[in-house]
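Asks: Residue numbers (the numbering used here), protein chains in the order written: chain A, 25 to 301; chain B, 25 to 301.
Derived from the structure by calculation, the hints contain no laboratory data. Be a bit skeptical, because a hint or two may be false.
If chains are identical, the list can't say which one is meant, so a pair holds when it fits in one copy or spans any two.
As the list claims (entries may be wrong) - BS3-like cross-link-like pairs, simulated, lysine-lysine; straight-line CA separation at most 30 Å:
{"hint": "1", "residue 1": "K86", "residue 2": "K32"}
{"hint": "2", "residue 1": "K207", "residue 2": "K86"}
{"hint": "3", "residue 1": "K237", "residue 2": "K32"}
Given next are the chains, with one letter for each unit.
There are 2 protein chains.
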Amino acid sequence: MDILSDNKCFGGRQLVCRHPSTSTGTDMTFGLFLPPQAEAGAVPVVFYLSGLTCTHENAMVKTGAQRKAAEIGLALVFPDTSPRGDGVADDAAYDLGQGASFYLDATQTPWATHFRMFSYVAEELPALIGAEFPVDGARCGVTGHSMGGHGALTIAMHHPERFRSLSAFSPIVHPSASDWGRKHFIAYLGADESLWAAHDSCRLVRDRGFPGKILIDQGDADQFLDYLKPDDFATACAEAGQEVTLRMQPGYDHSYFFIASFIDDHLEHHAAQLAAV
Amino acid sequence: MDILSDNKCFGGRQLVCRHPSTSTGTDMTFGLFLPPQAEAGAVPVVFYLSGLTCTHENAMVKTGAQRKAAEIGLALVFPDTSPRGDGVADDAAYDLGQGASFYLDATQTPWATHFRMFSYVAEELPALIGAEFPVDGARCGVTGHSMGGHGALTIAMHHPERFRSLSAFSPIVHPSASDWGRKHFIAYLGADESLWAAHDSCRLVRDRGFPGKILIDQGDADQFLDYLKPDDFATACAEAGQEVTLRMQPGYDHSYFFIASFIDDHLEHHAAQLAAV
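With the rest of the complex left out, here is chain A (with noise of 0.2 Å):
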């Protein structure tokens, strides 16, 4: 594994390190903030899943997240949003392909080859950021924004012995039924919509839940709220007795200024959960 950069943030430490992975088949890169905490000791980690075209510096350079995680004492690891590369399937469409994987294993030519981010947030980094790094694996959260936001959801509710702590801002929560999850599905997991369950939070949330509160921030003047469906969420969370916290923040939009507007409280959030465990 490379580090590629190095910065004092905080009292701690923010890094970007490269590594080559075997869930992916290419080279990842993910950033990390180490607190001042982590030099005494593992420190709980939480997992942040970026949205569509983003890589792994947009988070780690607009949310804000390291001021509150340095004064509580939480990792952050944020990885890229796909495989990358020459060699790598791409599509011309912002939201399909390279920075779009949907955090899914693909099963469909030509996507299956290395879009599997799936298995790579979900099992290859945790276990690298825990052999690596002083990180205490039993206490690991994750959340994220949007297309990530859907991630983390999905993730969660599949790994709950893995992630003992969730949040979002703005996710993706209905794709089976929005212009945000169809398409991609259909690329990614083929035309057969009961294999899209699996990756749907509304019907994840009904056949598996989450064993903690959820917490949910949306902004309420988001641009994209067709595409989010968050009532949709709180129905399904409703109907199936799953503890949601579902925020509409008032004249709020889906952009990262609404993110460092609450990424305090999300982190607060995991901090209170992972120290239950």
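Add chain B to chain A, keeping to what the hints say.
Replies: Chain B in isolation, oriented as in the chain A frame:
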């Protein structure tokens, strides 16, 4: 004036505005954060001047300054670092021309036509902001990073009646003696070094000083220390009797991760100084 974007952020508004500038003879773009307190009346304002290669955008999205500004009721202005456009002189070097004004009024060909950032930042933009937005022009401070720290120091020492509070991150303080300065002063002001003194903080602090405390943070692992010369400014302040707090921050470099780590202290410094006006 056009509002290019308007995002809710920490209960306030993060605007990006564009207007025709009489100083530069071009359209100029700036970011403006209005804290929630601005809905009830005029608030104090801090100008943040960015460094080489930056636009209005970098500090606006990378420093995380809005959180503290919203808490304590400060407006923030993020000007661009130079005039821009096809009709504006430029240079192939990253540190001369567009994105690299050094915040002075150029007198030399071809720069003199548009490169009048001293007049723009010191006079035109404060007047515009005061006329168009709920900010209190009598409570106005300035800070900046690197070339922008140079801008903050030099502009405030020339206009202490307008900029009542002053701080800087890793400023270029002795440009007459630095590779970040000499080339640029020759290009913009000409070879007569006697004309450079008005834009050299180590000279200005002896000739004029600033009637208040100056706060400076400087990373001791900054890769550009040889260009920045903080020790020269410490000596000049000591000799001139200038009140300054120059904090050498161990392990920090020249990046936005450094600025983000200490921006809250700077905003608190400005709020305290401006509250005493």
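Asks: Could you run down the list of hints and mark each one as holding or not?
Replies: Hint by hint, here is what the structure shows:
| no. | hint | verdict |
| --- | --- | --- |
| 1 | K86 x K32 | both (16 Å within a copy, 15 Å between copies) |
| 2 | K207 x K86 | within (29 Å within a copy, 34 Å between copies) |
| 3 | K237 x K32 | between (33 Å within a copy, 27 Å between copies) |
Going through the hint list in order, the structure satisfies each hint without exception.
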